Each structure stands twice: as C-alpha cells, then as structure tokens.
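Enquirer: Read off the chains here:
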Amino acid sequence: MIWRFGLFDSTFTPLATTHWALLTVLCLPLLMGLLAALFPPKRAWPVLLASAPIVAAGLMLLFAFNDAGLLRWQWAVADIQLSLRLNGLSVLLLLTTQWIGVAAALYTPGYLRLSDPGPMARWLWPLMGTLISALSLMWLATDLLTLYVALELMGLAAVGMLLLSGKAAALKAGMRYLLLALVGSLTYLLGVALILGHWGRLDLQGLAEIIEPGPVAWFAAALVGAGLALKAALFPLHAWLSPVHENAWTPVSALHAGLVIKASLFMLVLLWSILLPDAFYAPRVIAWLGMLAIVWGGLLAWRTDSLKTLVASSTVAQLGYLMVIFPLLLGADVAPLPRALAWEGFWLQLMGHAFAKAAMFMAAGNLILATGESTLKGLAGTSRRLPLSLLVFGIASITLMGLPPSAGFTAKWLLFEAMIITQQWWAVAALLVGTLLTAAYIFRMFRYSFDESAPRQRYQPLAPGMDLIALTLALAAFALGLFAHYPLGLMHGGGV
Amino acid sequence: MIASIDVVEVALALCLTGTALVCLFDRHLLRACRFFVAFAIAMALAWWQLGAIWLASAELLLGAVLTGLCCFYALGHVGSSGSSVLAHDHFSEPWTRIAMRVVLALVWFVMVAVAIGYVLTDMQHSPAEHPLLLAGVVIAASAMASFALHRHLLRRLLAFNLLGSGVFMLLAGVAGTTPTAQVLISVGLLVAALGSMLGVLLIRQLLHLQGVNALDHDSGPKESAT
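Listed in order, the protein sequences are those of chains F and A.
Read the first sequence against this note's numbering and you will find it ends at 496, with the numbers running on by one and no gaps.
Read the second sequence against this note's numbering and you will find it ends at 226, with the numbers running on by one and no gaps.
None of these hints come from the bench; they were simulated from the model.
Keep in mind the model is a prediction, meaning the values are calculated, not measured.
Idealized CB from N, CA, C, for every residue including glycine.
Be careful, since some hints might not be right.
[Stated by the list, open to error] Straight-line distance between alpha carbons at most 25 Å, and here's what the computed SDA-like set of lysine to any residue pairs gives:
hint, chain 1, residue 1, chain 2, residue 2
1, F, 377, F, 459
2, F, 167, A, 27
3, F, 377, F, 440
4, F, 377, F, 486
5, F, 167, A, 208
6, F, 167, A, 207
7, F, 167, A, 194
8, F, 377, F, 303
9, F, 167, A, 108
10, F, 167, F, 149
11, F, 167, A, 210
12, F, 42, F, 471
13, F, 377, F, 282
14, F, 167, A, 73
15, F, 167, A, 198
16, F, 167, A, 76
17, F, 167, A, 35
18, F, 167, A, 151
19, F, 167, A, 34
20, F, 167, A, 197
21, F, 167, A, 205
22, F, 42, F, 462
23, F, 167, F, 462
24, F, 167, A, 109
25, F, 377, F, 491
[To be verified] If the Cβ cut is set under 7 Å, some of the chain A residues that face chain F in the computed set are:
hint, residue
26, 160
27, 188
28, 195
29, 199
30, 204
31, 205
32, 206
33, 207
34, 209
[Claimed, not checked] Listed next, with one range per pair, are the computed distances between beta-carbon atoms:
hint, chain 1, residue 1, chain 2, residue 2, range
35, F, 78, A, 113, 45 to 53 Å
36, A, 31, F, 23, 48 to 56 Å
37, A, 111, F, 213, 14 to 22 Å
38, F, 429, A, 114, 45 to 53 Å
Build the full structure now, drawing on both the sequences and the hints.
Expert: Spelled out as structure tokens, the structure:
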C-alpha cells in the first residue's frame with residue numbers, strides 16, 4: 001500500500017531545474033499573495049499574469065516526473081533531515097490545487113467589485129496564497145512534522161478567509177470552526193507524540209518499515225484519525241460545515257470545499273495506511289459512518305431552503321462516498337485487483353468532486369449575487385434570465401450524480417467494479433442510494449429555478465468571465481472523466 | 001523511587017495544576033486571565049527544568065506575553081477603553097449537559113491515561129518519576145472537559161490554550177526533549193498563539209457587533225440554520 005504514496009527511494013537524483021520548479025510551486029503563491037495585498041488587483045489579467053509562472057512550474061514538475069519517475073529532494077538542516085517527494089498522486093493533487101486555486105483567484109476580482117466587500121478584502125489575497133502554498137507542501141511532505149506544519153498553515157489560512165465577510169453570523173460560525181480546528185490539531189499532535197515516543201522517528205518511510213500493529217499504533221491512529229476527521233468534516237463531526245459556508249465569500253467556499261477538506265482526508269488515508277496496514281474494524285467503522293453520511297447529507301440537502309446549505313450538505317454526502325471505500329483501501333484480505341480499482345476510484349472521485357464542487361459553489365454564488373437572494377425560492381425565473389449560471393450548476397451536478405461522461409461516473413464505475421469483485425453489496429447499495437438522493441436534491445433546486453410564475457424585474461449583471469471560470473471548472477471535471485486513463489496511469493506510479 | 005523525585009519539580013507540577021484549574025473554572029474572567037499568565041510562566045519554568053531553554057523562552061514570549069496580552073485585550077483592558085461587560089461569565093448550563101460533559105471528559109481522561117501509562121512502557125520520562133508528566137495528563141483532561149462544558153467563547157479559548165500546554169507537556173514526557181520534539185512543540189506553540197490572536201480579534205468584533213450574548217457559543221448557528 002505504502003509504495004502507492006511514493007514513499008521509497010528514487011532511482012535518479014532530481015535535476016537542478018526541478019529545484020527551481022519546486023521552489024516556485026511552494027513559495028510563489030505566498031509571495032504573489034503578499035504582493036496582491038499591497039496592490040489589490042482590480043481586474044483578472046494581473047492575476048492571470050501572476051499565476052502563470054506557478055502553473056508553469058507545476059507542469060514542469062509533471063514533465064520531470066514523466067521523465068524520471070519518483071522525484072525526491074533531501075536537505076539536512078542542523079540535526080533534522082528534511083525531504084520532499086513527488087510521485088504521480090502528488091503531481092495530480094498539486095495540479096488540481098493549482099488550477100482550482102487559479103480559477104478562484106481569477107474569479108475574485110470580479111466578485112469583489114460587485115459585492116462591496118469592505119476594507120478587509122485585501123487580506124483575502126495573502127491568505128489565499130498561504131493556502132495554496134500549504135496545500136502544495138502537504139502533497140509533497142514525507143514526514144509528520146512537515147505534514148503538521150502544512151496542516152496548521154492551511155487551517156489557519158482557511159479560518160481567516162472564511163471570516164473575511166465580517167457578518168456576525170460568519171464570525172460566530174468561524175469562531176466555532178477555529179476552536180474545533182485547533183482542538184483537532186492538538187489531537188493530531190497527541191497522536192504524533194505517541195508515535196515519536198514509541199518509535200522515535202517521524203519520517204513516513206522509516207515508520208512504515210518499523211511500525212507493527214499493536215496498542216500504540218491503534219491509539220495513535222485513533223487520535224490522529226479523530227483530529228483529522230474533525231477537520232475533514234467526516235460524518236458525525238460535520239456540523240460546523242454548513243454555517244461556515246453559509247456566510248463565506250464565494251471563492252473562499254470554492255477553495256474550502258474543493259481543497260481544504262480533501263487535504264485532511266488525504267492525510268487520514270496516508271497515515272492510516274502506515275499505522276493500520278491491515279486493520280479489520282477501523283476502516284469498516286469509517287465505512288458505516290460513510291453510509292450514514294450519504295443518507296444524512298442527502299436528506300439535509302434535500303430539505304434545506306438555502307442554496308449554499310444545499311451545496312455544503314452535498315459535500316457531507318459526497319465525502320460519504322469516499323468513506324465507504326476505506327475497507328477496500330485499507331482493510332485486510334483485499335485482493336490486488338479490487339484494491340487497485342478502489343485506489344483509482346478514490347482519487348478520481350476526490351479530484352472530480354473538487355473541480356465540480358468548486359464550480360458549483362461559483363455557480364451558486366453567481367446566482368445569489370445576481371438575484372440578491374440566497375434561498376431556493378428566490379431562484380424563481382432564473383432559467384430565462386441566467387441560463388449560463390444554471391447550466392454550470394447543472395454540469396457540476398452531473399459529476400456529483402455520477403452520470404456519464406463525468407469524472408464522477410468513471411470513479412463510480414471503478415468503485416462498483418471493486419465492490420462487486422469483493423461482494424460488498426451494502427457499499428453498492430449505499431452508492432446507489434447516494435445517487436438517487438443527489439438527483440432528488442438537484443432536481444428540487446431546478447424545479448424552483450424553472451418556476452416562471454414569479455417574474456422578477458431586477459438582476460445584478462455579473463462581471464465578464466465569472467460564469468466562464470465556473471464553466472471551465474465544471475468542464476474540467478468532465479475532462480477528468482473522459483480522459484481518465486491519463487491520471488489513472490500517473491496514479492500507478494508509472495508514466496503515461 | 002520516591003526519593004528521586006525532585007522537590008522543585010513537585011512544586012512546579014502542583015503550581016501548574018493549581019493555576020490551570022483556577023483558570024479553567026473561575027467565572028471571574030479577569031482573574032482567570034491573570035491565572036493564565038501565571039500558568040504560562042510556570043510552564044516556562046517547567047521547560048527550563050526539563051532542560052529545554054529554547055522552549056522556555058518561546059513559551060514565555062508566545063504563551064505568557066503574547067497570549068496573555070490577547071486575553072486582556074479581549075477583556076478590554078489593553079488598548080481600547082475598559083468595558084466591564086466581560087467581567088463575568090453569566091451563561092448557565094443545565095445539569096444534564098454538565099453531567100454528559102463530565103462523562104465525556106472522564107472517558108477522555110481514562111483514554112489518555114491508559115495510552116500514556118500502560119502502552120508506553122519505554123518512554124523517556126516515566127510518570128512515577130516525573131510529576132510534570134502527571135500534571136500534563138491532569139491539565140489536558142480538565143482542559144478538554146472545560147472546553148466541552150463552557151459556552152463562553154473566551155473561556156473556550158483559554159481552555160484550548162491550556163489543552164495545548166497539557167499536550168505539549170505530554171509530548172515532551174513521552175518523547176523527551178529531543179530536537180525533533182522541540183521543533184514540533186515550537187510549531188504547536190506558534191499555532192496556538194496565532195489561533196488565540198485570531199480568536200481574540202473575533203471576540204472583540206463579535207462584541208462590537210452584537211454585545212455580550214453573541215459570545216454564547218450555542219446560540220448562533222442554530223438560529224441562522226432555521
């Protein structure tokens with residue numbers, strides 16, 4: 001299992017150029033964010049100009065990985081060994097992060113111009129930069145210390161961003177999120193303390209070799225898992241999620257639901273595959289909770305009156321799909337074929353959902369901005385006046401429902417195959433129920449939007465490109481499904 | 001074994017536990033904040049005692065000075081004009097809630113104690129010889145309990161800070177004060193200080209917007225959800 005995360009020694013030492021690409025990927029988002037705080041961009045083109053080198057460096061790393069396979073950089077600072085690695089999965093997640101980040105950044109100037117954000121707006125840029133840098137670091141990290149630093153940077157930046165709208169409800173939800181996130185990271189730290197105390201090292205590769213199942217590993221896995229599940233809003237710990245999104249700015253919601261939550265989940269899978277290599281119960285408990293999450297999140301989204309709560313609750317349900325796969329990823333006695341299929345399906349579903357959910361939040365934000373109302377009833381008549389925003393919402397929801405030709409469909413196809421081979425019928429049932437519930441709440445939303453009986457007069461015109469950016473993200477989720485062989489090839493460690 | 005216990009360490013452990021308990025369970029918020037500063041100073045002394053000078057200075061700077069100032073700022077005693085509205089925590093909890101939270105805290109306490117005491121036989125400092133480690137367990141458990149119990153946001157913030165200190169103490173106890181552990185704890189201290197600053201700014205802003213009742217943790221999200 002652990003080789004899939006690229007935790008082994010590389011064949012070639014990385015070229016000097018990749019050092020520069022790495023530096024650009026890790027530091028430039030932060031620097032550009034600080035620059036944008038000093039000179040807040042009013043249009044999208046300066047943002048495009050600033051993000052070009054970052055995306056170029058990301059692509060350079062992709063090509064370097066294609067040429068040389070696993071890349072591993074190592075430094076020694078004082079007594080502490082630092083190392084970063086880049087495997088196929090890291091490249092994919094890195095590119096996903098960068099593209100969603102760039103899309104959110106491009107969306108921001110238009111959004112801020114229209115929504116009268118107040119004096120705090122300029123702080124959005126450095127926080128966004130920090131978030132992208134921290135996420136990039138997390139995909140590359142090879143030890144628990146770096147992961148902790150990245151997790152904390154990401155968490156604090158995310159909380160800061162969610163607070164910027166400055167409304168009392170946002171502050172209250174943000175305070176709750178802040179306290180829970182901080183306690184979650186302390187729980188994680190306690191788990192790390194157990195690992196450090198018992199095995200005396202923090203590098204993942206070394207730990208994977210020496211960790212043997214036993215009470216220490218179980219306790220550490222439980223503590224680390226509880227902390228990360230809290231941060232990832234996994235089912236019983238999801239209550240903070242909807243209020244936080246309800247009041248946040250659109251690009252912030254897109255980044256948070258698309259990337260931040262996924263990062264904690266990534267760490268959970270990574271650390272559990274080291275701590276609990278062949279556990280029986282722990283992944284099954286997660287899977288049962290995942291089934292509840294699918295049903296509960298779907299019902300919440302179905303019953304709500306607010307558009308943003310609908311999108312946020314749908315995140316809870318979609319995370320449930322990922323939780324259901326845990327026994328196939330981590331459980332004992334899974335044959336190589338279904339495990340490989342589950343591995344592919346998991347990450348494809350995660351990335352497809354990241355793109356689709358970012359697009360959906362942007363589409364929902366556009367609808368709310370244009371109509372001035374945040375309830376579903378307020379959407380009446382939008383089908384004639386705002387067809388493009390609705391279209392984006394629809395394309396994004398195709399991915400969430402898992403209809404062809406989206407990434408959601410390809411991922412579910414792989415997952416079904418894995419589940420049928422291992423005869424996990426309850427998981428198949430959960431996936432089917434989830435699809436039906438998703439369709440139910442999506443069509444409920446569309447029923448309101450096609451209501452022609454309440455004609456509205458005034459719509460706020462959107463800035464050029466706001467719909468287009470959301471559309472691009474939604475179509476990216478399609479492309480990920482149609483050309484799935486390329487990311488799947490990368491995930492298996494080889495080139496194309 | 002008893003003879004090997006250092007008197008200074010026992011005194012420090014008692015001091016830490018005492019200040020922490022007062023800080024956590026005193027409804028008079030200004031006094032609680034003062035005891036928090038005292039706790040942070042005792043914590044710095046404890047790091048010094050454990051031979052981690054760097055951590056001692058970091059704790060003094062980040063914990064005592066920075067977080068202490070933050071708390072007093074939240075109460076309106078630094079910077080802006082003093083406001084007496086925050087002197088007491090008036091929110092009361094029904095006893096069912098208290099009972100439930102106490103049970104939760106006990107479960108947490110037992111889990112941590114079992115994990116530390118029973119599992120880690122080969123740790124750097126054994127709890128029987130190091131009362132500071134025992135103090136860490138007690139502080140972490142009671143801070144977790146009061147974090148779950150209190151509804152006042154400032155008290156929850158204080159409880160989080162104490163929980164952090166307890167966890168760092170445990171970390172140093174099980175892993176020793178090796179360079180790696182020190183780096184880990186320093187990052188944790190920095191994060192806790194940044195989080196407290198963010199939280200305090202939030203509390204001031206909430207007070208400014210809605211008054212004292214906005215600091216009741218349970219009232220907010222449910223109202224907005226309906």
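Enquirer: Does each hint fit the structure? Answer for all of them.
Expert: How the hints compare with the structure:
no.	hint	in the structure
1	377(F) x 459(F)	15 Å, holds
2	167(F) x 27(A)	28 Å, violated
3	377(F) x 440(F)	16 Å, holds
4	377(F) x 486(F)	42 Å, violated
5	167(F) x 208(A)	11 Å, holds
6	167(F) x 207(A)	12 Å, holds
7	167(F) x 194(A)	22 Å, holds
8	377(F) x 303(F)	13 Å, holds
9	167(F) x 108(A)	35 Å, violated
10	167(F) x 149(F)	30 Å, violated
11	167(F) x 210(A)	10 Å, holds
12	42(F) x 471(F)	22 Å, holds
13	377(F) x 282(F)	42 Å, violated
14	167(F) x 73(A)	21 Å, holds
15	167(F) x 198(A)	16 Å, holds
16	167(F) x 76(A)	21 Å, holds
17	167(F) x 35(A)	33 Å, violated
18	167(F) x 151(A)	20 Å, holds
19	167(F) x 34(A)	31 Å, violated
20	167(F) x 197(A)	19 Å, holds
21	167(F) x 205(A)	10 Å, holds
22	42(F) x 462(F)	15 Å, holds
23	167(F) x 462(F)	23 Å, holds
24	167(F) x 109(A)	37 Å, violated
25	377(F) x 491(F)	43 Å, violated
26	160	5 Å, holds
27	188	6 Å, holds
28	195	5 Å, holds
29	199	6 Å, holds
30	204	10 Å, violated
31	205	6 Å, holds
32	206	5 Å, holds
33	207	10 Å, violated
34	209	5 Å, holds
35	78(F) x 113(A): 45 to 53 Å	35 Å, violated
36	31(A) x 23(F): 48 to 56 Å	50 Å, holds
37	111(A) x 213(F): 14 to 22 Å	19 Å, holds
38	429(F) x 114(A): 45 to 53 Å	37 Å, violated
When each numbered hint is compared with the structure, violations occur for hints 2, 4, 9, 10, 13, 17, 19, 24, 25, 30, 33, 35 and 38.
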